[in-house]
Every structure is written in C-alpha cells, then in structure tokens.
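Once you've looked at the hints, dock chain Y against the given chain D.
So the protein lines, in turn, are chains D and Y.
Each residue of the first sequence is one higher than the one before, counting from 1 in our numbering.
Each residue of the second sequence is one higher than the one before, counting from 1 in our numbering.
Accuracy of the hints is not assured; some may be wrong.
Unchecked claim - If you want a taste of the chain Y side facing chain D, the calculated C-beta under 7 Å gives, among others:
{"id": "1", "residue": "Leu2"}
{"id": "2", "residue": "Ser3"}
{"id": "3", "residue": "Arg4"}
{"id": "4", "residue": "Ala6"}
{"id": "5", "residue": "Arg96"}
{"id": "6", "residue": "Ile97"}
{"id": "7", "residue": "Arg99"}
{"id": "8", "residue": "Thr100"}
{"id": "9", "residue": "Tyr258"}
{"id": "10", "residue": "Tyr310"}
{"id": "11", "residue": "Gly313"}
{"id": "12", "residue": "Leu315"}
{"id": "13", "residue": "Arg316"}
Calculated from the structure, these hints are not laboratory results.
Using N, Cα and C, we set each Cβ at its ideal position, and we do this for glycine too.
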Amino acid sequence: MLTGYFDEMHGKSGGKAAEVRAPYAKLKNWVQAMPVDLRTLKQAEAETLFRRIGITFAVYGEGGDPDRLIPFDMFPRVFSGAEWARLEKGIKQRARALNAFLVDVYGRGEIVRAGRIPARLVYQNAAYEKACVGFVPPKGVYSHIVGIDIVRTGPDEFFVLEDNCRTPSGVSYMLENREIMMRMFPDLFRENRIEPVDSYPEKLRRTLASVAPAKCKGEPTVVILTPGHFNSAYYEHSFLADLMGVELVEGQDLFVEGEYVWMRTTEGPKRVDVIYRRIDDSYLDPLCFRPDSMLGVPGLMDVYRSGGVSICSAPGAGVADDKAVYTYVPEMVRFYLGEEPLLNNVPTWQCGKADDQKYVLEHLEELVVKEVHGSGGYGMLVGPKASQAQIEAFRAKLREHPGNYIAQPTLALSTVPSFVEEGVAPRHVDLRPYCLVGERVELVPGGLTRVALTEGSLVVNSSQGGGVKDTWVLAE
Amino acid sequence: MLSRTADNLYWIARYMERADTSARLLEVGSRISLLPSAHGYRSEWDSLLQASGMAEGFAKKYGDPVQRNLESWLFFDRDNPSSVASCITAARENGRIVRTALTAQVWDALNSAFQELRTLERRERSSLELSELTDWVMRQAALLRGAIDATLLRNDGYSFLNIGYYLERADNTARLMDVKYYVLLPRVEFVGSGLDNYQWTTLLRAMGAQRAFHWAYGGEVTAAKIADFLILNPQCPRSLTTCVAGIANHLARLAKAYGRQTLAQDQARAMLADLEAESVERIFDEGLHEYLSRFIGNAAALGGAIHEVYLSGELR
Numbered sequence: 001m002l003t004g005y006f007d008e009m010h011g012k013s014g015g016k017a018a019e020v021r022a023p024y025a026k027l028k029n030w031v032q033a034m035p036v037d038l039r040t041l042k043q044a045e046a047e048t049l050f051r052r053i054g055i056t057f058a059v060y061g062e063g064g065d066p067d068r069l070i071p072f073d074m075f076p077r078v079f080s081g082a083e084w085a086r087l088e089k090g091i092k093q094r095a096r097a098l099n100a101f102l103v104d105v106y107g108r109g110e111i112v113r114a115g116r117i118p119a120r121l122v123y124q125n126a127a128y129e130k131a132c133v134g135f136v137p138p139k140g141v142y143s144h145i146v147g148i149d150i151v152r153t154g155p156d157e158f159f160v161l162e163d164n165c166r167t168p169s170g171v172s173y174m175l176e177n178r179e180i181m182m183r184m185f186p187d188l189f190r191e192n193r194i195e196p197v198d199s200y201p202e203k204l205r206r207t208l209a210s211v212a213p214a215k216c217k218g219e220p221t222v223v224i225l226t227p228g229h230f231n232s233a234y235y236e237h238s239f240l241a242d243l244m245g246v247e248l249v250e251g252q253d254l255f256v257e258g259e260y261v262w263m264r265t266t267e268g269p270k271r272v273d274v275i276y277r278r279i280d281d282s283y284l285d286p287l288c289f290r291p292d293s294m295l296g297v298p299g300l301m302d303v304y305r306s307g308g309v310s311i312c313s314a315p316g317a318g319v320a321d322d323k324a325v326y327t328y329v330p331e332m333v334r335f336y337l338g339e340e341p342l343l344n345n346v347p348t349w350q351c352g353k354a355d356d357q358k359y360v361l362e363h364l365e366e367l368v369v370k371e372v373h374g375s376g377g378y379g380m381l382v383g384p385k386a387s388q389a390q391i392e393a394f395r396a397k398l399r400e401h402p403g404n405y406i407a408q409p410t411l412a413l414s415t416v417p418s419f420v421e422e423g424v425a426p427r428h429v430d431l432r433p434y435c436l437v438g439e440r441v442e443l444v445p446g447g448l449t450r451v452a453l454t455e456g457s458l459v460v461n462s463s464q465g466g467g468v469k470d471t472w473v474l475a476e
Numbered sequence: 001m002l003s004r005t006a007d008n009l010y011w012i013a014r015y016m017e018r019a020d021t022s023a024r025l026l027e028v029g030s031r032i033s034l035l036p037s038a039h040g041y042r043s044e045w046d047s048l049l050q051a052s053g054m055a056e057g058f059a060k061k062y063g064d065p066v067q068r069n070l071e072s073w074l075f076f077d078r079d080n081p082s083s084v085a086s087c088i089t090a091a092r093e094n095g096r097i098v099r100t101a102l103t104a105q106v107w108d109a110l111n112s113a114f115q116e117l118r119t120l121e122r123r124e125r126s127s128l129e130l131s132e133l134t135d136w137v138m139r140q141a142a143l144l145r146g147a148i149d150a151t152l153l154r155n156d157g158y159s160f161l162n163i164g165y166y167l168e169r170a171d172n173t174a175r176l177m178d179v180k181y182y183v184l185l186p187r188v189e190f191v192g193s194g195l196d197n198y199q200w201t202t203l204l205r206a207m208g209a210q211r212a213f214h215w216a217y218g219g220e221v222t223a224a225k226i227a228d229f230l231i232l233n234p235q236c237p238r239s240l241t242t243c244v245a246g247i248a249n250h251l252a253r254l255a256k257a258y259g260r261q262t263l264a265q266d267q268a269r270a271m272l273a274d275l276e277a278e279s280v281e282r283i284f285d286e287g288l289h290e291y292l293s294r295f296i297g298n299a300a301a302l303g304g305a306i307h308e309v310y311l312s313g314e315l316r
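Bound-form chain D, shown alone (with noise of 0.2 Å):
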C-alpha cells in the first residue's frame, strides 16, 4: 500500500477507505458491485477493442512487437466541475503565454531586452529556428496545440511538469479510451453526468482551419503530414485524419511549384493550405534543414515564409517547451499577460548554473533529473527509485555536460484507484490536457491520464510500461 500521497478517490492515503471524496461517490458502488470474473471479462473485452480498432503502440528503440497495445485501466479518473474550471484557466492562460513569447523571440525579443529571461537560453538554443525570425504566423500562433502534462500532489496542488508545444501525442487514447467505456459500461454514464469530449477533431479542425495563409480564399485544404506508417504514432495520425476528414500526406506526397505547395491526387495537383505536421522541424524542409530529410518536402519553407501555406505546429515552437525555458513560464505569464500564473511550474535546478549543480550533485539521491532535450521518460534519473550504480553512471554524465540537465524534487505524484493483479489498489497518475490555439483558445474537459501501472512507480511513459485511463470531468 503507497502511503503518504494524495489519493483522488480516498483523500489522504493510510486515511480511513471508507471516506470518498464527492467526484469519486458513485463509483465506489460500481467498484464493490462488479465481482473478479465480470472485471477479467471486460478487461478481455476492451484489449479486444482496442485490437480490433488497431490502436497499438510501438515503442520507440524497443523494436519487439510493433503492434504492443498500451494497458487501458478501466478505473477512470475523475474531477469535479469546479476542479476543472481551475485547471482550464490556468491551461489557457499558459497556452496564450507560450504563444506570445514565441512571437516575441523570433520578434523583438523584448522579454530578453529586459532581461527575464537569459538571451542564450532563447538564442543559442538548439530548438531555435533562425529561419523563423521575423515571421509572423497567421493569427500569431506558433503552438496550436499545446499539450502541459500536470500532476497534482494535493486536493488543490497541481503542478505543470512540462509543456508540448510542438506535436504533443496521445490524443486519440483519450478519444477512444471514452468510446470504449460507454460501450463497456454505459450504466455508469447514465449516473455520472460526465462532459463529453468527442468534439475534440471538429475543434481540432476548426482550429487549424482558422490559421489558414491570407493567400487562401474560400474553405482552406488541411493536412496532416506523417513520417509514415512505421511511425509509432501513425495511428493517431490516421484516426485524427479520418475523424477531421482530412487527406493523411507523406512528404512524397507533396510537392512545391509557383508560390504554393501541392499534394499528388488521382485527379492531378491539388493545393494545400494548411498542414498539421507530426513530423520534427528538423526534417520538414531538406533544403532549409536537414538535407538528408525523405520525410519533408523541399522549398516548404519558402512557401511558408511567403505566406502559401501554414505549419501547424510553426517552425521554431520548439524553443518555447525547452526543458530549460520551461523555468521562465511563469515569467512569461506575468510579462505578457499582466497576470499571476494560475498553474504552478514544478521547483527547478538548472545544472548549467554552477550553484544549482552543487545542490543536484549532492542530493542525487533524491532528485528526478532530466535530460533537457530529451523525451519519453529516456536519458532520466529517477533519484530514490535508482541503484548507486545508475546514480553514479548519471552523475559522470551531469558533471560532463552539466548544461544538457534540470533537476525536480521527487514530487508525491497523487494516485488514482486502478485495477491491478491483486484487486484494486492505488496508482501514480498524470494528465495531459491539449489546448487548442487558433482564432480563439479552446480545449475539451478532458485530457490524456497516465498510469504508472507497477506499484511505487512514478514513470507513466507508456514507453517505460505506464497505462492509460479515460478522464472525466463531471458537469456541474
């Protein structure tokens, strides 16, 4: 049994199971009303599901199976209209600063004239595109969809661990996780008054729609550009494109001529307006970045810096979800915004700053440090939950390239009841909400939960074993 975290459904862990916080109430009966053999059934069921619609998840680097499905624990999540009121503020509000620094740095850059934030933290950033300066994006939107993963730690403590500005994933697993529970247990959703959240492609849609270059007149063609079908998240991308009814494109599917970019079809050239990219800056454009790039297409960039079509996420939306800019958020909330920060950032050491990297290399021990670029829960220690030998193999590495590093305390992740082996018991849990931004700032109740799914553990990667459940917000 964990003790000593904030457990959503029974408050204060080691606290009596019989009290049950409100949004949690009419769950306990369905919990005690479902005997082991129903649950082991429904749990066969949904894996079947999910087979059955494809959605599976190939890890990355782990080669194996490519058509691993990621574990969907049927114990939902749930928040209190109210809990969620909260938390949709302080999204948007971080989403509409995110999108206003972006536009600043590759601007006039005033929030490093007057010296909040440190000028090579944003200019010699690797995440930084030179080729982006003094663009503006349609609507002045670099980050369209924004996804901030949050964990909370008490009834009214939540804590952004991190911002996705460029192509967060993991939106379809909140889609379909909810199809599957109302198709499982509908009974549940006639009791629960619960949001729905199937609206999300329509917005998703309008969104990207609304970011459409001044050159386009009438009803803007959208695409999603896809690395291909070896990707591991290439069904995301089909379901996003099916459900927004959208063409799915390669690179190869592209091409540019004139002042436009073009997509090959059966009928001949048609033009393309708008591309959602699930592909990195890095290889969208051979000719402007990397030149070994078969994923992009060549001369997108100057068809997008002239204005022919728009890229949703921009080039260059990168340098706003650094690990290392990840520090000046709140600043940039108050500078932009005129406002407190609703959403608290997680206390960060930077390694590159000789003082913090004194603290961090004394307190290993205890501390979770992240590689600054890295994604996916790869290149993290984990301080209490690592052996000497993987501290000691880290710490050489953070003494290397101390810059390359921040440091986090080891937070007290709330848990949320899951089913497991032995029954029911607690289990770490994140959230991803994903913010829509485009002519106006939207997002869905609901988001993404992560599930570290081994007890004690605090990774929730589905890369590193972690699961996923559906996430309700309740209607007031």
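Only chain Y this time, still in chain D's reference frame:
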C-alpha cells in the same frame, strides 16, 4: 484521392489475388504430380514454377523441386515475394497505411488473415495438410472480397481496388493456362490424349471453375472449349475477357468522375475490342503460348499506364 492511397488500395487487391493464385498453383502442381505421367513429377513442378515466374528464385534456394520445398516456397517463404505469406503480409501492410480509406470490416478481414497466418506459421509443419492451407487462403481471399463488396463506398477507391483485382486475375489466369504449355511442351503427341484431358480438368478445378465449365459447355472436355471458357467467355469469372472488361469498366468510371480520358482508358478499350473479336481457332493458329505471352505483355503495359496516370502522382 491521394495517388499514394490509390496505389495502396490497388496493391491490396493485387497481393490478395496473388496469394489466392499461389495457393491454386500449389494445388494444380500437387494434383498434376499425382499423375502417373511419362516424365515424372519433377518436370511438372518445373513447368509450374516457370509459368509463375518463380523458377529462378526457387532453384537458387532449394535446387531440385521436392514437394515439401515447393510447399514452403509457394506458401511460407518470405524470400519468395509471391508466396502466400509474403502476399498476405504485404496486403495487410498496404491496408494499414490506408486504414482511413477502408471500412472496419475490410480492415478486419485483412488483419484477421494476417493474424491467422502468424498462427499457421507457428504450427508444426507436419500437422498441416496441403488442402487445409489452400482452402484457408481461398477463404481469406473470399472474406476480403466480400467485405469490400458489402461495405465499401463506391467511390474512386473502390475502382482502384477492382482494377487491381482484375488486372492481377487476368495475369494469373493467363499464367495458369500457360502451365499447360510448359507441361506439354516435351511431348506434343499428348495433345488430345486422356492424359491431356486430365491435366486440363485439373486446371479447371484449381480455378474453381470445373462445375461452371460443365454447366456452360457440357460434354467432353476439349482444349478448344477450355480455351474459349478461360479466355473468351464473358460468363466465366476468371476469363481474360471478364477481367479486361472489368478494368475497362472501372477506368471508364474514373474518367467520368475525374472528367478526363487518359491513355489508360484507350489501352483498356483496345484490349477489350481485341478479345471480343478473337476466336479460339485463331488463338490456336497463333499458338496458345504465343497468344498468352502477348496477352501477359499487354496486361503489363496496361498496368504501367495505370501507374503512370493515376498512381505515380505525376499527373498534371
């Protein structure tokens, strides 16, 4: 529709039809080899591999045609791009790429075929009967075909699938018939003998067309009747005429939908006109093998035109 999507759909159909043919070839081969023929089963299998264009790869890997090796080669071997396993895997992979252009039922048929194939591959080879394998392939092909016909939108994608099916089938029918040529080549005097008829019947049986043939023609099985049935008769679902008419029909639909005629339509119409004006006598005068070779060449050229116009993305 994206040219690449059209290309994937076209290849789903071609690969599935090709898997079906490889299974049928296996059946023809094993039946012919059961014959107490004058020149032994080796040359029978050899002819079969020649006709299917898979002889070279087989010789390189296995050498002499031994029944068990032939089964491996035609069914399981991933080194053979036309083996059942290769084709089903490729069809499913093409399907995975264009999931959004398929209905759940069509994807299910493709995916189930692939999953079951993996189960078959794990089974002890000695526990697998040849007839079980060939029946299984034909069933999977039929399930996919059924799902396509029952659930898919009749749009341009549907036409590209059908064009793939018909083109592959035309090529396969021609090649299966050509097996006869290779089998009989060493002994021309067999033509018209009892042995000859048995082989023709086996061929019909492998195409699942034996009953249909008897309904359509009745009486004695002759080479002329069979050639008429498999080449010219528009009632036979595998005849060259049926296949070319199918291609021409779907190309005409595309031309109408897209509002333009291309060289692909011209070529298909010309091939159909040729077939309609053809007679069995003239085919035999030319020589069956010569006729079929010419047809296979024309069909390949038509495939090339379809690729150039619709699938390559080069259309302006």
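The hints, checked one at a time:
{"no.": "1", "hint": "Leu2", "verdict": "holds, 5 Å"}
{"no.": "2", "hint": "Ser3", "verdict": "holds, 5 Å"}
{"no.": "3", "hint": "Arg4", "verdict": "holds, 5 Å"}
{"no.": "4", "hint": "Ala6", "verdict": "holds, 5 Å"}
{"no.": "5", "hint": "Arg96", "verdict": "holds, 6 Å"}
{"no.": "6", "hint": "Ile97", "verdict": "holds, 5 Å"}
{"no.": "7", "hint": "Arg99", "verdict": "holds, 5 Å"}
{"no.": "8", "hint": "Thr100", "verdict": "holds, 4 Å"}
{"no.": "9", "hint": "Tyr258", "verdict": "holds, 5 Å"}
{"no.": "10", "hint": "Tyr310", "verdict": "holds, 5 Å"}
{"no.": "11", "hint": "Gly313", "verdict": "holds, 3 Å"}
{"no.": "12", "hint": "Leu315", "verdict": "holds, 5 Å"}
{"no.": "13", "hint": "Arg316", "verdict": "holds, 6 Å"}
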